[in-house]
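Heads up: the protein sequence lines correspond to chains A and B, in order. Okay, so the first sequence: first residue is 2 according to our numbering, each after it adds one. Okay, so the second sequence: first residue is 290 according to our numbering, each after it adds one.
Note that these hints are calculated values from the structure, not bench results. Among these hints, one or two may not hold up.
As the list claims (entries may be wrong) - Derived CB-CB ranges, DEER-like:
| hint | chain 1 | residue 1 | chain 2 | residue 2 | range |
| --- | --- | --- | --- | --- | --- |
| 1 | A | E15 | B | R446 | 46 to 56 Å |
| 2 | A | A25 | B | E298 | 27 to 37 Å |
| 3 | A | G242 | B | A443 | 47 to 57 Å |
| 4 | A | P24 | B | Q417 | 20 to 30 Å |
| 5 | A | G29 | B | A443 | 37 to 47 Å |
| 6 | B | R294 | A | A25 | 42 to 52 Å |
Here the structure is a predicted model, which is why all the values come from computation and not from measurement. Glycine included, every Cβ here is placed at the ideal spot set by N, Cα and C.
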Amino acid sequence: MNTDVEDLLRDGMERYTADLRAPAGLIGRVTQRRRRRLLLRSATGATAVLAAGAAALAVAVGPGARQGGADTTAYVVKQVDSALSAADPGDIAQMTVTTSGTATPFGTGVSTGAATGAATGAATTTEEWSYGDQWRSVTYSSAGHPVYDEGFSASSVYTLVSYRARTWVRESGLGQPGASLSFSASSGCGLPVGAVAFLFRSGLPGIGKHVGSLPETVARAARAAVSCGTLTVAGHQRVDGVDAIKLTSRADSPISETIWVSPGTYLPLRLVIRSGAGSPPGQLTADISWLAPTAQNLANLTVPIPAGFRKVSLSAAVTPILALIPGVPLPRTFGALVPGLSGLKTFCPAPAGPSATARPTFPAPAVRPPATPRLVFSCPKR
Amino acid sequence: MAAERSTAEFEGFLAERADHLLRTAVLLTGSREAGEDLLQTAVERLLRRWRRFDGDPEGYLRRTLCNLATDGYRRAGRWRQKERLLRGELSLSRDVTGDVDLRDALVRLLWQLPARQRAVLVLRYWDQLTDAETAAVLGCAEGTVRSAASRGLARMRELADEWDDTAASCGRNGKRA
Numbered sequence: 002m003n004t005d006v007e008d009l010l011r012d013g014m015e016r017y018t019a020d021l022r023a024p025a026g027l028i029g030r031v032t033q034r035r036r037r038r039l040l041l042r043s044a045t046g047a048t049a050v051l052a053a054g055a056a057a058l059a060v061a062v063g064p065g066a067r068q069g070g071a072d073t074t075a076y077v078v079k080q081v082d083s084a085l086s087a088a089d090p091g092d093i094a095q096m097t098v099t100t101s102g103t104a105t106p107f108g109t110g111v112s113t114g115a116a117t118g119a120a121t122g123a124a125t126t127t128e129e130w131s132y133g134d135q136w137r138s139v140t141y142s143s144a145g146h147p148v149y150d151e152g153f154s155a156s157s158v159y160t161l162v163s164y165r166a167r168t169w170v171r172e173s174g175l176g177q178p179g180a181s182l183s184f185s186a187s188s189g190c191g192l193p194v195g196a197v198a199f200l201f202r203s204g205l206p207g208i209g210k211h212v213g214s215l216p217e218t219v220a221r222a223a224r225a226a227v228s229c230g231t232l233t234v235a236g237h238q239r240v241d242g243v244d245a246i247k248l249t250s251r252a253d254s255p256i257s258e259t260i261w262v263s264p265g266t267y268l269p270l271r272l273v274i275r276s277g278a279g280s281p282p283g284q285l286t287a288d289i290s291w292l293a294p295t296a297q298n299l300a301n302l303t304v305p306i307p308a309g310f311r312k313v314s315l316s317a318a319v320t321p322i323l324a325l326i327p328g329v330p331l332p333r334t335f336g337a338l339v340p341g342l343s344g345l346k347t348f349c350p351a352p353a354g355p356s357a358t359a360r361p362t363f364p365a366p367a368v369r370p371p372a373t374p375r376l377v378f379s380c381p382k383r
Numbered sequence: 290m291a292a293e294r295s296t297a298e299f300e301g302f303l304a305e306r307a308d309h310l311l312r313t314a315v316l317l318t319g320s321r322e323a324g325e326d327l328l329q330t331a332v333e334r335l336l337r338r339w340r341r342f343d344g345d346p347e348g349y350l351r352r353t354l355c356n357l358a359t360d361g362y363r364r365a366g367r368w369r370q371k372e373r374l375l376r377g378e379l380s381l382s383r384d385v386t387g388d389v390d391l392r393d394a395l396v397r398l399l400w401q402l403p404a405r406q407r408a409v410l411v412l413r414y415w416d417q418l419t420d421a422e423t424a425a426v427l428g429c430a431e432g433t434v435r436s437a438a439s440r441g442l443a444r445m446r447e448l449a450d451e452w453d454d455t456a457a458s459c460g461r462n463g464k465r466a
């Protein structure tokens with residue numbers, strides 16, 4: 002058997018690789034890659050190591066060196082985009098969101114964890130996991146106790162556990178494949194604010210989001226953000242011991258976004274979103290870990306039902322949680338939600354005037370919402 | 290001191306050996322995309338020192354590929370690979386009663402092995418290096434190579450035995466060529 006297995010393995014490797022050919026112009030690709038790397042180094046202050054032969058490539062990328070800076074940003078963004086593309090759904094994104102300040106940076110309805118904290122000004126924490134179309138979020142109080150735990154399974158079954166009410170609900174037919182964020186740098190995103198904010202959209206039915214659309218995964222939302230051209234490279238900074246590449250939003254953005262990506266993997270390590278000028282101070286910080294889809298890590302995507310908790314209807318489970326969130330412009334009914342536009346409301350500055358205070362009513366679970374159309378990211382003119 | 294090498298010489302070398310090196314890289318990483326990425330990184334390193342490079346370029350690239358692959362080159366690539374492994378494992382359990390050839394199953398199993406074991410098996414059975422040559426590439430002792438190869442093959446033998454058992458229980462005789 003020994004020789005047999007060795008021969009079979011050899012044959013298998015031969016057969017698996019038989020059709021592989023090295024790409025044409027390998028040297029050209031490598032040279033281009035090296036050139037871009039040098040440009041990145043020059044942009045981030047490591048110009049001292051440039052070889053003499055590359056001096057011509059090491060264009061000044063300081064203020065005013067627009068072309069070089071744009072190239073560098075484009076390269077980093079492309080790498081981040083590729084890394085996130087590979088990570089979705091390959092990796093489980095584990096995100097710990099800490100909220101501080103008296104308001105969320107986006108008005109209301111973005112993160113229920115943020116919003117519940119905003120009511121008191123205390124910092125709150127939400128821990129999230131996303132993997133493909135699976136998603137789970139546990140929101141903790143400022144004292145560190147779980148408030149509620151919710152998630153969508155791979156089969157689009159929504160589960161919500163309320164720790165305060167000691168209730169739980171599980172509903173199918175609410176979820177559908179994640180809201181499509183179709184961004185590309187070439188098509189132009191026209192974002193008034195960065196798409197990173199989508200990370201903090203709650204999946205809680207009734208909060209500024211169509212009940213049938215899943216929360217955006219970290220990988221998809223961050224990918225959308227970086228491919229929109231709203232971020233530029235702003236040097237390096239240490240994040241948890243890593244000399245991370247810092248990407249920041251444009252100065253004229255109504256929300257300040259900063260993403261730190263690993264220089265090795267180009268996956269985001271930390272996201273920070275701050276209120277823009279003229280808004281109440283608020284900040285969301287998300288520390289991201291990218292986990293292998295092991296059985297142990299995948300188990301984090303499942304919402305556990307604690308013993309002794311009572312099963313209730315969806316509305317009975319959700320409403321007490323919504324009541325914790327002040328000033329959320331809730332839809333009158335889920336059925337009345339216009340898919341996509343609910344997200345729009347979330348991210349545009351809150352309009353003047355009284356906000357809706359009506360609590361949502363819930364459609365019969367059997368009513369499946371229509372497919373979420375492509376979202377339009379622009380604020381209405383006022 | 291060695292004479293400086295020309296770019297044309299480098300291109301000639303790659304034209305001759307790049308296909309084989311790409312296959313090595315793909316076997317080390319488990320996917321074409323990751324393999325190409327790995328090869329480009331290794332070629333870039335060689336290109337940096339090519340003009341004054343004095344040695345066997347293929348050996349250098351092979352060593353670089355293995356080092357990068359075993360040192361956890363690019364986390365995203367690793368996750369991609371792990372995902373692939375997970376899928377491979379799942380499909381393996383499904384396909385084991387189907388028509389998947391044992392040879393394909395063994396290659397998929399290769400990607401489930403630890404990086405060092407995988408590199409040893411690729412170098413031994415794909416590049417057909419001796420234990421001593423493999424040890425030199427990986428910078429370890431020959432005994433380490435032998436034990437890694439032994440453990441990797443043992444895992445493959447288990448698979449082959451399971452395969453035989455399943456084939457027997459399913460009435461498939463002599464699926465393996």
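To see whether the hints hold, each was checked on the structure:
1. A/E15 x B/R446: 46 to 56 Å: violated, 20 Å
2. A/A25 x B/E298: 27 to 37 Å: violated, 19 Å
3. A/G242 x B/A443: 47 to 57 Å: Hint violated: Cβ distance 38 Å, outside 47 to 57 Å.
4. A/P24 x B/Q417: 20 to 30 Å: holds, 25 Å
5. A/G29 x B/A443: 37 to 47 Å: holds, 44 Å
6. B/R294 x A/A25: 42 to 52 Å: Distance hint for B/R294, A/A25 is violated at roughly 22 Å.
In the structure shown, a violation is registered for the earlier hints numbered 1, 2, 3 and 6, in ascending order.
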